[in-house]
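Colleague: So the chains spell out like this:
Protein chains: 2
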Amino acid sequence: MFGLMQQHPLSIASLLMHAERHHGAQEIVSRRVEGDIHRTDYATLAARSRQLAKVVAALGVGIGGRVATLAWNGYRHMELYYAISGSGAILHTLNPRLHADQLSYIAGHAEDQLLFFDLSFLPLVEAVAERLETVRHFVLMTDREHMPASSPIPGLLCYEELVADQDDRYDWPQLDENLASSLCYTSGTTGHPKGVLYSHRSTVLHAFAGALPDALNCSARDVILPVVPMFHVNAWSLPYVACMVGAKMVYPGPGLDGKSLYELFEGEQVTMSAGVPTVWQGLLDYVDAGKHRFSTMKRTVIGGSACPPAMIRRFELDHGVHVLHAWGMTEMSPLGTVCSFRNKHLAQTAEQRLALQNKQGQAIYGVDMKIVDADGTELPWDDVSSGELLVRGPWIARGYYRDEGGDPLVDGWFPTGDMATIDADGYMHITDRAKDVIKSGGEWIGSIDLENIASAHPQVAMAACIAVRHPKWDERPLLIVVKKPGGELSREALLAFYRDKVPSWWIPDDVVFVDSIPLGATGKMQKIKLREQFRDYVLPTS
Amino acid sequence: MFGLMQQHPLSIASLLMHAERHHGAQEIVSRRVEGDIHRTDYATLAARSRQLAKVVAALGVGIGGRVATLAWNGYRHMELYYAISGSGAILHTLNPRLHADQLSYIAGHAEDQLLFFDLSFLPLVEAVAERLETVRHFVLMTDREHMPASSPIPGLLCYEELVADQDDRYDWPQLDENLASSLCYTSGTTGHPKGVLYSHRSTVLHAFAGALPDALNCSARDVILPVVPMFHVNAWSLPYVACMVGAKMVYPGPGLDGKSLYELFEGEQVTMSAGVPTVWQGLLDYVDAGKHRFSTMKRTVIGGSACPPAMIRRFELDHGVHVLHAWGMTEMSPLGTVCSFRNKHLAQTAEQRLALQNKQGQAIYGVDMKIVDADGTELPWDDVSSGELLVRGPWIARGYYRDEGGDPLVDGWFPTGDMATIDADGYMHITDRAKDVIKSGGEWIGSIDLENIASAHPQVAMAACIAVRHPKWDERPLLIVVKKPGGELSREALLAFYRDKVPSWWIPDDVVFVDSIPLGATGKMQKIKLREQFRDYVLPTS
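If you're matching them up, the sequences are chains A and B in order.
The first sequence runs 141 to 682 under this note's numbering.
The second sequence runs 141 to 682 under this note's numbering.
One thing to keep in mind: the hints can contain errors.
Identical chains blur together in the list; that is why a pair holds if it fits in one copy or across any two.
Said to hold, decoys possible - Taking lysine to aspartate or glutamate and the EDC-like style, the derived pairs with C-alpha atoms no more than 20 Å apart in a straight line are:
1) LYS623 / ASP428
2) LYS438 / GLU403
3) LYS664 / ASP589
4) LYS669 / GLU408
5) LYS623 / ASP650
By construction, these hints were calculated from the structure, which means they are not laboratory data.
The model shown is predicted, which means the values in this text are computed figures rather than measured ones.
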């Protein structure tokens, strides 16, 4: 016997329609590539998205067609999110930090038919356009005034002109909720990048879970500035959550330096933000150097890679900004866990809570997780047993676009490639990427713990810890460090800094000071490159 | 092209599995019919729900079979919520405040196969058992010790014995998410009661929306005491939200008087509650009489009928308890709108916010609404135009059980029978039930406004306003009032109290003082009965 409830497919367009009808006057503020601050509202955004849906159709893209974007966080990118997915096409967000080779591989693999891109990426697109064989039309996301006088891109189109050519009389199609809505490639460190294909259903369910009080806790009272790029796993769902709850949105465009961000936080009275640790480092340094204060900012979500404890402490204690340490991945839409408090934690000391906040937190409803040993046997949630983390749920991938890499699931669970412990309360702690773990004398040493300690040293700007071959112990840790500008720090002083913080056999065997550590397209340290670079490094203990 | 996300049906069992795995040690506290305070946790609740699912199957109920409950709010009722729906059967919550005639009609119409009931309802069930022809087994929700020595109910079963006879090795079945999960009859004032049949999908989506920060705002930090009965539209989803977010739950059982509730609020450190205005009146009177304070209570949801402004003011200003004025109906699972604030309201004065809080608030994502005139033409959202409120969304009924009453929808919209205005921000205000509106000289007078003013008078305990026939104006308002015990109040003084609060032609033509106003099974004033009683009343203005 079936229920007698109305049937409404979960759809991305329904989010926008809700925002238009129920939060039409709420603001969306963007720092534009053109240099100015732009203001619009949900009613206007919805009307322009309908115009844009007609543009997409007029350019020959139908249901299931792929449309690529190469853009910063801004209202035009948000319009594209809704216009493309809402009309039944598939939004493919390209990461502009990738190499031209990777970009052209990915766009070709996805068979993108259109490419919408920001003015900043004109040189990049001009350089690569010829190799984007499937792309039939290139659209520069600006007005006529900012269009280049000439361009090697044949028939380059102007976004604002295309929009202006269409009226906004358009009915969003009723789509099967399991249809694909968007596509994002993982920055795989080995093999070809693989595409994760989200559906309308997964996107809406993920937004519901993401907006919950114990997840990102978003409401119509919030002013949300997503620092995490819209080309990076849909900005952790914030452009969708925004419409669901009617929050004021503030988009930073290309201005991701500390000064630009801080001015926007204060000028627009931002209450909530989200981003990766590397960006926050720049912001905190700017704020502290100028002795500035956050006057409206209440909390920030930090994820993408493990947040150093020193950063959590700095936000919480120095600035009164609550840190929500989160974990997820492209294959998870991306939200999996968030370290929010339970009622018992509210009675604890700040130090106890800070200790808890080093963990990536509890699974949000919809996500289930487990840790397993090398044989696949489930490990206990005892805060000590470390195993590979597996997840399942309705916004977690069951495979990759065009079946790349085959079936990733193990008995219905997605193996994350992360090593983790889980405590009795269900708070998960990433101890390492499975491939980054250091195996010393048959025991595992977590590289993240060692990096976090180094990062807490006042003279350290960035630290990576990798395994180096050792004749006796198989592998031993090598610490690679970027000093702060003008910082004085010796190998011996840094190693002494580890004393009493970890078991003595965890202390790295050596330290190498470098000028920089390679970062990937999503801001994560590329330890695979470091491992190549130091492949033949001879430790003093060898 | 379909997305490549995992397929997991939305299911009620998944809520319980999440709570068990991720919030297993969180407490569930119940005041039992047996008289004591009982404590359990989600892990135990989940295990016992599995045992109970086996009981339901052993008693011969399969997927789609209807199982009735007649019970207060408590852990055993929560176990039944999950055991029955989770195993694929349909939970049918009966309202013990209904007449025996209505109960037997409803149970027969639903073809209930089992009836689980609390000890308090033994006399009621004994009186009606013979007429419950479809019910094959009666289960008393208590232990052996509290079973009656004898009963006219043939083969009366003991809940705790049945549970103890089963082990907890049970896998929740994978169910189509559109299967029916639960059934609740509307307390229809005309015609037969009609059954609303919820699905797993509608229940989970409704719980997602209900837990959002701008709706009920529920988290693992909350201690939630649902005063609203679990036999009344699933206690507004709180037993489902509880598992979704892992909140501590406190169930009041039959103790709904001010003293019992207050002791539980304080003793268990309740942070959030929900109920109808009539219950809050008793609680506030008890608290004020004893000069007590709420020491942990942060907010309460008030719905079921319009909350008198005086009550909102009392909660907010005298007790620092934030009121979330909400609106919905059985056909809406029930949540439709909640009056939560936007960022601009935070800067307003308390008085401005109190004025806003008289409205039932903004639609939560998933619910769309509109107001229409008598011709069905949509009316503007100008805070003035009043029309019938229509709604649509995935947790709103498209029809009734066994097609009772035919197709209720109008172009896909469900007509609520409520009259409302909507302001430019989308805040909705119920002005009346369509059938309660007073039509005077071709103009509408809202009976709720007139009742709210009377309720704000210090000597008034309860007030109803109904239309009485008038030779010149067709209808004119008659106010029916219950005075406070020992209160001194004249007709003239009460009518004078309306001066400058409403247009002069809205002021009631007469006042009748009565000892009590009839309340329906869900605590609402039964104005239909008053209209019958005063059908031939002659107004002094006639």
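Colleague: Indicate, hint by hint, whether the structure satisfies it.
Modeller: Hints versus structure:
1. LYS623 / ASP428: Classified as within; 18 Å inside a copy, 64 Å across copies.
2. LYS438 / GLU403: within (16 Å within a copy, 34 Å between copies)
3. LYS664 / ASP589: within (16 Å within a copy, 60 Å between copies)
4. LYS669 / GLU408: Neither, since 40 Å and 55 Å both go past 20 Å.
5. LYS623 / ASP650: Within one copy only: 15 Å inside a chain, 85 Å across chains, cut-off 20 Å.
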